[in-house]
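If you're matching them up, the sequences are chains A and B in order.
Residue 79 is where the first sequence starts when you use my numbering, and the numbers rise one by one after that.
Residue -16 is where the second sequence starts when you use my numbering, and the numbers rise one by one after that.
Think of the hints as simulated: they come from the structure by calculation, not from any bench.
It is possible that some hints are incorrect.
Cβ pair distances, simulated, as ranges [claimed, not checked]:
(1) Pro137(A) x Ile31(B): 17 to 27 Å
(2) Gly247(B) x His217(A): 14 to 24 Å
(3) Arg144(B) x Glu123(A): 52 to 62 Å
It should be emphasised that the depicted structure is a prediction, and the values quoted were computed from it without experimental measurement.
Even glycine gets a Cβ: it sits at the ideal position worked out from N, Cα and C.
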Amino acid sequence: MVTAAATAPAEARIWQLLEEVSDPEVPVLSILDLGIVRGVAIDGEQITVTITPTYSGCPAMNTIATDIRLRLLAEGYTKLVIKNQISPAWTTDWMSPAGRDKLEAYGIAPPIDGTATGHVLNLFDKETAVRCPLCKSAHTHLVSQFGSTACKALYQCDDCREPFDYFKCHS
Amino acid sequence: MPAPQPEVSVAPTPSVAANPLFPFVLQLADTSLILAHRLSEWCGHGPILEQDLALANIALDLLGEARSYYQYAAELEGKGRTEDDLAYLRSAVEYRNPLLVEQPNGDFAHTIVRQFLFDNFHYELLKALKNGPDAQLAAIAEKSMKEATYHLKWSSEWMIRLGDGTPESRQRLDKALAVLWRYAGELTTPTPAETNLQELGLVPDYAALLPAMQAHLAHVLAEATVPMPTTPAFAQQGGKQGRHSEHLGYLLTELQYMQRTYPGLTW
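Required output: the full structure, derived from the provided sequences and hints.
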């Protein structure tokens, strides 16, 4: 059966549906908040969605591709291509302002632009000052550059004592 | 009049590809995969939880990098093999990783020294590949370099903590460095195949990477109060040409177990 949606696919509608696909690791973020959708191309009935991985080994990428496919299939779009594009490399600069607010409300400190580890010779350098997403205190310290997933570092608040994830700057 | 050049066949495997870049991309893939596997062996055994997580994180980054290379290698080869075929269905003699990355984990100091020697090379290699002529390799390198930066910072800081730490940590670091230093030279010693590709401009000139590598090594060892090794760094090599230590066979037995036992298994 050919649905109306499949015969006249509008790009805006596709973007709307992509907004409903969430990041499986951080379900409060949509894949648009995360900034990993590079483009939508429509060629007749074929729809190509290009996504870019956050980290090379991010295990969520396969799930995200499947979730996009399922969301679009449910609306009657059947000719789908999900393309993976690695260049230009993803950066946290592409994360939307709304996404950053959602992250903090969820208990994960959002990335602070311009603080990526760029200089390897700056060993034991000053830690990025990260605000505690729970009590909003600025008195926090880095526990480990490597957290619960590749994209996060582990911090602890010195005031409320809560450990929390920081979505590290990646640019 | 010059006699016609005889055909020289150095690689008798049937997987010799038309694209000259194929064996090099495969070598990069094998290197990242084998080190990723070694690091993943730490999972659940790290000295403290945060460092257990760090080791697993770095393993995952390298595994992701290896996948990108294997996918590209499969495409370059163009014989219908997939990334999984290349990772799971080749034997130890077909693997092209340098010997350093297949060396067993040992204690934490041993793992840190192995990682530091690799990261110091990996970071500079990716920097060069990022600006290289092959667009796909450049794209993979651009992506992986962001991650490799964190790796090098982590292993450098641990070199300093262990070297300038307690007598126990220092003694373990010294022992690890004495063993693993002999494997470091293979990373930047081109094989005949690599030399050919370097002449074509397809593979970075390793000699050009050395000044930056040596500067960082000297800086970290000085901070760690550890003297620069004086023995040759190139004593142990052959991995990049398929001559491996006995450790690789055991590693692959575990890594490839499911595919070998249940051919074609998927989930």
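Mind listing which of the numbered hints don't hold for this structure, in increasing order?
2
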